[in-house]
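Engineer: Take a look at the letters that make up each chain.
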Amino acid sequence: MELLTYTFVQYAFIGGSLLAVLAGVLGPFVVQSRQAIASDMFAHVALAGIGGALLFGGSPWWGALPALLITSTLIWWLLESETYSPDALAMFFLSGGLALALAFVHLARDTVFSFENYLFGSILTLTLTDLYAIGAATILALLIVGYFWYPLIGATQNPAFLIPYRRTPQLVRLLYFWLLAIVVWIGIKTIGGLLIGALLVIPVLIVRPYCNSFKQITIGATCTSLFSVIAGLALALFVDLPPSSLIIGVLLTLFVLKGLVSLRLRT
Amino acid sequence: MYLQLPSRVMNNPIIKVEHVSKAVGSRQLLSDVSFDIAPQSLVSLIGPNGAGKSTLVKIILGLDTNYTGTITIENKERIQYIAQQSDNDPYQLPLSVHEYLSVGSTRLYSRQAAQPDFTEELKHVGVSAEVLHQSYHSLSGGERQRVAIARALLTNPTIMVLDEPLAAIDYGSRQGLYELIRHLQKDHAMTVLLVSHDIESILPISDKVLCLNQTLHTNCHPSELAPNITSPQQLMHHHC
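Those sequence lines, one after another, are chains A and B. All you need for our numbering is the position in the first sequence, starting with 1, plus 246. By our numbering, the letter at position 112 of the second sequence is numbered 92, and the numbering carries on one by one without gaps.
Derived by calculation from the structure, the hints in this document are not laboratory data. Some hints could be false.
[What the hints assert, rightly or not] On the chain B side, residues computed to face chain A include the following (Cβ under 8 Å):
| hint | residue |
| --- | --- |
| 1 | Leu41 |
| 2 | Gly42 |
| 3 | Leu43 |
| 4 | Thr45 |
| 5 | Asn46 |
| 6 | Tyr47 |
| 7 | Glu57 |
| 8 | Pro70 |
| 9 | Leu73 |
| 10 | Leu75 |
| 11 | Glu79 |
| 12 | Leu88 |
| 13 | Tyr89 |
| 14 | Ser115 |
[Stated by the list, open to error] Pair by pair, the computed Cβ-Cβ distance ranges are:
| hint | chain 1 | residue 1 | chain 2 | residue 2 | range |
| --- | --- | --- | --- | --- | --- |
| 15 | A | Gly392 | B | Asp97 | 23 to 29 Å |
| 16 | B | Gly49 | A | Leu503 | 57 to 63 Å |
| 17 | A | Gly392 | B | Ser153 | 44 to 50 Å |
[Claimed, not checked] Footprint (simulated), chain B over chain A, 3 or more residues, beta carbon under 8 Å:
| hint | segment |
| --- | --- |
| 18 | 391 to 404 |
| 19 | 459 to 465 |
By construction, the Cβ of each residue, glycine as well, lies at the ideal position given by its N, Cα and C atoms.
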């Protein structure tokens, strides 16, 4: 318990909890829109932003934010124009983002920089400034989700909600893409770009059979996500494993338990 | 509350389709389609599979702008669209009926400023208010389509376009729904464009029948049709 008195541990719990709440609230929209792969796509694009910032001498994490916002807008535009299929676009941005990131980092000739921190997270290295940024981004995103709650549900439905001669649902989908970009931006600093998708999707899959409404799913997914982050971080104090893998490990355990309970109820 | 428009307005078509054609590559989907729809009428659009009905609907709704010809619509900001209800999608997240109705009536998506009364609107379409907090996807196909109609009505539309609305619904429930659509069309003084395969059911409720198969084959009042017509193919060869 003495470990809990360390500032870096406290920061990890606060940052992780903020991410868990945001991922829990946004997760149902991601699952509903059938765009679970989008978080991975965004994470790879964020790596290109990180590499670009490194090349031009900026802060890598902050460099990811404009890259995410610009590319999420581009991805939205390409999807709305229905020029390419979603899976082809995903492959384009997954590979393209990674290739650009590798090129930028190579050109920056930074021997200390490690992509691993952003791929798999570095929640124990959060600073107070990082926490302020994560807190502000989380509050902003939650306010937007609260204000646009029903429009966001409609815009992420499958098939999409349409209004003849108006593009409002399409514009709300752009807003949703920006919100997803923000959660990925926080995710790459905490749990890792390659693992944020699990925090968005798995809690929804765990609570889905027990819910009758979108609101119930959102509350359930947020509680599950928060539990997994706190439990994973608490385990990391005693087990010599990366916190990110323990957080996802808790989620996967809950998912398997849910499966066993469903199986038992069915028989 | 049957609202009768002045005859001057009634004489002007609310939807005017003029020489509309569309091709994708070498394939002609629509060829020189022209017709008018009068205000406060129920018009059925019938045609075999692949006839271009959904393409034409998309063009009328402004969802497809890649065509030649002209579409003129009065009050186009008050069109509502109801798509075909698919069978229950196992991957769909649950949405309560209250949430489903709220999506359609949220101020950003609807021009209606008044607070909608979901209970009253559900009563209009013959659904008990008890379903408000049930999952929309747990309802039967017929109930889901009635709730979809209620959602469209919340925005007080002047034109409602229904694209094969009852295709996935059992035959027993269909007749009641067609009668409901006709009743609501008159009660709300709406113009309805109904796309369907179900000729026998929709002829008695229609003011006009259009038969499409790339080009328009039939454009007449149901009373002008022979009584033994049961398929779009028969209708295509019929002259009013």
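Engineer: Run every hint past the structure and note whether it holds.
Structural biologist: Verification of the supplied hints:
no. : hint                            : verdict
1   : Leu41                           : holds, 4 Å
2   : Gly42                           : holds, 4 Å
3   : Leu43                           : holds, 7 Å
4   : Thr45                           : violated, 11 Å
5   : Asn46                           : violated, 11 Å
6   : Tyr47                           : violated, 15 Å
7   : Glu57                           : holds, 6 Å
8   : Pro70                           : violated, 11 Å
9   : Leu73                           : holds, 5 Å
10  : Leu75                           : holds, 5 Å
11  : Glu79                           : holds, 5 Å
12  : Leu88                           : holds, 5 Å
13  : Tyr89                           : holds, 6 Å
14  : Ser115                          : holds, 5 Å
15  : A:Gly392 x B:Asp97: 23 to 29 Å  : holds, 24 Å
16  : B:Gly49 x A:Leu503: 57 to 63 Å  : holds, 60 Å
17  : A:Gly392 x B:Ser153: 44 to 50 Å : violated, 38 Å
18  : 391 to 404                      : holds (count 7)
19  : 459 to 465                      : holds (count 5)
Hint check: violations occur at hints 4, 5, 6, 8, 17; the rest are consistent with the structure.
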